[in-house]
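**Student:** Chains A and B, in that order, give the protein sequences. Numbering of the first sequence is given in our numbering, commencing with residue 1 and proceeding in unit increments. Numbering of the second sequence is given in our numbering, commencing with residue 1 and proceeding in unit increments.
These are calculated hints, taken from the structure and not from any lab test. Virtual Cβ for every residue (Gly too), placed ideally from N, Cα, C. Don't take every hint at face value.
[What the hints assert, rightly or not] Just so you have them, the derived chain B footprint on chain A, three or more residues with Cβ under 8 angstroms:
hint: 1; region: 40-47
hint: 2; region: 78-89
hint: 3; region: 97-109
hint: 4; region: 116-125
hint: 5; region: 194-207
[What the hints assert, rightly or not] Straight-line Cα separation of at most 27 angstroms, DSSO-like style, residue types lysine-lysine; simulated pairs:
hint: 6; chain 1: A; residue 1: K77; chain 2: A; residue 2: K30
hint: 7; chain 1: A; residue 1: K109; chain 2: A; residue 2: K140
hint: 8; chain 1: B; residue 1: K30; chain 2: B; residue 2: K109
hint: 9; chain 1: B; residue 1: K140; chain 2: A; residue 2: K30
hint: 10; chain 1: B; residue 1: K109; chain 2: B; residue 2: K140
hint: 11; chain 1: A; residue 1: K109; chain 2: A; residue 2: K30
hint: 12; chain 1: A; residue 1: K67; chain 2: B; residue 2: K30
hint: 13; chain 1: A; residue 1: K140; chain 2: B; residue 2: K140
hint: 14; chain 1: B; residue 1: K30; chain 2: B; residue 2: K77
hint: 15; chain 1: A; residue 1: K77; chain 2: A; residue 2: K109
hint: 16; chain 1: B; residue 1: K67; chain 2: A; residue 2: K77
hint: 17; chain 1: A; residue 1: K67; chain 2: B; residue 2: K77
Protein chains: 2
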Amino acid sequence: MCQLLGMNANVPTDVMFSFAGLARRADEHKDGFGIAFFEDRGLRTFVDPRSARESPVAELVRRYPIKSDNVIAHIRKATQGRVALENTHPFVRELWGRYWVFAHNGDLKDFRPRLHAAFRPVGDTDSERAFCWLMQEMAKAHAAVPDVAELTHTLRELLPQPAAHGSFNLLLSNGQALWAHCSTRLHFVERAHPFGRATLSDEDVSVDFAALTTPEDRIAVVATEPMTCDEAWQAIAPGGLRVFAGGRAVV
Amino acid sequence: MCQLLGMNANVPTDVMFSFAGLARRADEHKDGFGIAFFEDRGLRTFVDPRSARESPVAELVRRYPIKSDNVIAHIRKATQGRVALENTHPFVRELWGRYWVFAHNGDLKDFRPRLHAAFRPVGDTDSERAFCWLMQEMAKAHAAVPDVAELTHTLRELLPQPAAHGSFNLLLSNGQALWAHCSTRLHFVERAHPFGRATLSDEDVSVDFAALTTPEDRIAVVATEPMTCDEAWQAIAPGGLRVFAGGRAVV
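Chain A extracted, bound-state conformation (with noise of 0.2 angstroms):
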């Protein structure tokens, strides 16, 4: 299974701390890694099909602090679609003047649905597939950017057409929110203030988030897999969907 890690702020936000823990799960999952940076409307994007735990593009990232309001990042390990540049996540395409990124982890069974329209994958993968079919979808079903509310909307119609394939754990951001859906395994946490110290589950790193915050602060961090072994992270429920606008959770 791959790994998915999401972040969202409501002001720009280094991910060097998580992003290190993603990189200690990369033993198993060796088939590239990306990772998406919203600034505002901007974006950049480091995608190596090498392992995060020897790409130079992730030593970068590890040492790089870009603060980011919304990151998604993937480590893979290739189900469907070789081990490719063009097969690793995330993808990204642009719809309404904004750019969309998507990462998955899981394996979708014979979802080939028709696409006729203005998105077609560049790679062989079931989730690039996935991804231009929602991209389809949502252009269809408005006719410029939806405020969050709308699209959590529409991506709740649209979500358990492909889900209904195989499991379709997703991120999906356009720099305004950050929208997770759980088919099997995905968990969240919320940090605030009082902000305190975290431990990584996967190596003896810990910060002290107090230090480098302020009172006004808000994050929210998704992930395949908790990543910290002393935080209060929440599962999502099989069939959820959650929406991060703010640095936290909303309805």
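Keeping the supplied structure of chain A fixed, place chain B upon it in accordance with the hints.
**Tutor:** For chain B alone, coordinates are given in the frame of chain A:
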């Protein structure tokens, strides 16, 4: 004026030598840089709104020998659009299941075509607007990825329209070929067996390509200004469109 750099090769080749020369030119072009590498259909893009002289991302690109068959790089001096990530070239869109990469050097006045299709600018540059229009018109002209000669024909029809609004030096690639359109200044060089030594114009650095290549290798490099002082760079005539495939200029 911004600076463009493009590379097309018949076997995946790194551009560390040329990028070092480009980064030297970043003194006057401090408003960001970007570079996109095709690896077959796959693409990785590194962008940073910081100068290529000080960006850790540029440092990575200088040190990590990413081998690619088509590269487009850009260092920016802002004319339209503020210094921001979403205004940093190159721009990327997907069409017909292929990524398309575009970078522009120049300034278009009052080019505001109607964008009624699937491509909208995310930032506020004249460049991204012209790219979206180009993608829209290409999508109308062909039902699927055309071959290089056909697309070149389409581009020859389309490019004069934005070019009439100012200067429109540009590089475009879909991973199969590199198109270079000159409005004011653009040069290229072809490297083939027997390979010789080349010395950067901007820095006392030289490289012996004979030691790094095989007799079958072919590489074409396109740049705003010749990058080396001891090779036979050719100017592309104003209004001219050149196409590079398999590491050489094709008719």
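**Student:** Run the structure past the numbered hints and jot down the numbers of the failing ones, going up.
**Tutor:** 5, 9
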